[in-house]
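Residue numbers for the sequence shown follow the UniProt record's numbering, beginning at 1 and rising by one.
These are calculated hints, taken from the structure and not from any lab test.
All the given hints hold, so there is nothing to weed out.
The calculated lysine to aspartate or glutamate pairs, modelled on EDC-like cross-linking and capped at a C-alpha distance of 16 angstroms, are:
1. K141 <-> D190
2. K82 <-> D41
3. K454 <-> D415
Simulated restraints, written as ranges between beta carbons of each label pair:
4. M112 <-> L386: 14 to 24 angstroms
5. I442 <-> P213: 41 to 51 angstroms
6. I214 <-> W337: 51 to 61 angstroms
7. P213 <-> S144: 54 to 64 angstroms
8. I98 <-> K165: 43 to 53 angstroms
9. N215 <-> S144: 51 to 61 angstroms
For clarity, every value in this text was computed on a predicted model and none was experimentally measured.
By construction, the Cβ of each residue, glycine as well, lies at the ideal position given by its N, Cα and C atoms.
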Amino acid sequence: MLKLKKDEWFSNIRTDVLAGLVVGLALIPESIAFSAIAGVDPQVGLYASFCIAVSISFLGGRPAMISAATGAMALLMITLVKEHGLQYLLAATVLTGIIQVIAGYFQVAKLMRFVSQAVVYGFLNALAILIFFAQLPEMAKMDSLGYLFMALGLAIIYLFPFIPKIGKAVPSPLICIVVLSLLALGLGADMRTVSDLGQFPDTLPIFLIPDIPINFETLQIIFPYAITLATVGLLETMMTTTVINEVTGTEGDRHQECRGQGYANIISGFMGGMAGCAMIGQSIINVSSGARTRLSTLVAGVFLLCLVVFFKDWLAYVPMAALVAIMVMVSFTTFQWGSVKQFRKHTVSFNSVMIAVVIVVLMTHNLALGVFIGVLLSALFMINQLESSVQVKAERLDHTCYYTIYGQIFFSSADKFYQFFDFQNGLEHVVLDLTHAHIWDITSVNMLNAVVQKFEAQNTQVEVIGLNEASSTLIDRVRT
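I would like the entire structure built from these sequences, with the hints used as guidance.
Put into structure tokens, the structure is as follows:
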């Protein structure tokens with residue numbers, strides 16, 4: 001459904017337009033780089049970034065978030081492009097979008113409830129490190145003048161906001177680009193510019209249907225890639241949505257964002273572009289520049305296309321040092337410095353999950369895998385914590401023993417629960433008090449039954465008291 005609410009488009013016009021211009025320019029080198037990773041021409045990534053950014057501005061559920069071609073998605077396309085070619089990639093992109101639309105209607109975004117704060121911190125810290133290291137190859141190509149320009153760019157980015165009146169009116173990354181471009185032009189500096197990245201397209205994207213056989217064999221080829229692309233794309237998008245929600249203090253519609261990403265990828269595939277998803281780096285540039293509405297995303301996509309098709313000669317004046325400075329700023333902004341400052345105050349499990357996510361992402365460059373490992377570890381730590389909380393206190397009066405049970409009894413803690421009981425005392429009466437406990441699953445019900453039967457086998461009368469309604473209902477359901 002198109003999003004045309006006035007307050008989502010025109011409540012922050014000047015700042016959103018300026019922020020969109022910065023992001024549009026910043027998208028160019030990354031779109032080209034991601035095209036190279038996937039093994040396709042630069043125009044495939046550029047067309048994808050344009051189509052996805054423009055589409056998501058209308059169809060997405062999170063205003064001011066930037067979606068385009070991404071590195072995480074490009075890495076998944078390498079084998080498909082190498083073995084089957086571009087046309088199969090375009091078909092896989094369309095199928096990816098279809099899967100994401102279906103996932104959006106099934107509200108898979110609810111799974112984000114299982115992503116802990118430790119996973120989010122690990123995700124952001126790993127991404128910040130990846131963004132920084134991605135700039136190193138470009139830095140290696142700089143001479144002393146390039147480093148001087150980059151340092152000047154960082155100074156402008158961080159100091160310009162403190163200038164009275166105008167410091168907050170214009171995004172400092174835009175000032176960085178303008179000042180360094182004019183300075184390079186005035187000095188006649190011989191340095192790398194955006195135009196050195198590759199050949200830009202000469203025409204606007206046009207609608208096309210992938211030139212592939214429409215049969216089951218084709219589906220067998222593209223479906224595994226489409227499933228993987230859809231999963232990684234949605235995961236990265238939902239993580240980015242979480243971050244932008246926190247930065248802006250607003251909430252987006254996650255389910256609409258899932259559907260919007262799907263529609264955007266369908267459009268991209270039919271317009272000659274590769275699959276993409278939300279970009280946390282560019283999204284942070286956008287909101288850090290003051291953007292808050294959909295207009296910024298639309299401007300970023302349109303400005304990107306206008307630059308590379310109609311004004312590509314202008315790109316000869318934009319030094320790469322300016323864009324590197326902006327991306328270095330993004331990496332420092334993305335990194336959660338509080339997670340380092342508070343490291344000793346956090347629990348061992350929190351720090352372990354965060355570090356594990358960082359290590360996995362840095363080793364594999366796969367953000368989705370890092371998040372999956374983080375969620376798995378978080379679950380294991382939580383299960384261990386719940387299991388450790390199970391306690392049984394025994395109090396014996398003559399031939400009667402009162403067992404007071406505490407904690408959550410479920411499949412993992414059921415064995416521990418059983419081991420608390422002493423079945424060799426020749427008791428006449430046993431009371432199991434579950435007032436402070438909860439029975440969660442069939443495994444724990446069966447374990448409770450095993451305890452009761454073990455006592456009864458020794459002619460001991462067993463009385464179970466204190467069951468809450470949910471536990472009692474579950475036990476009755478299993479026994480019947």
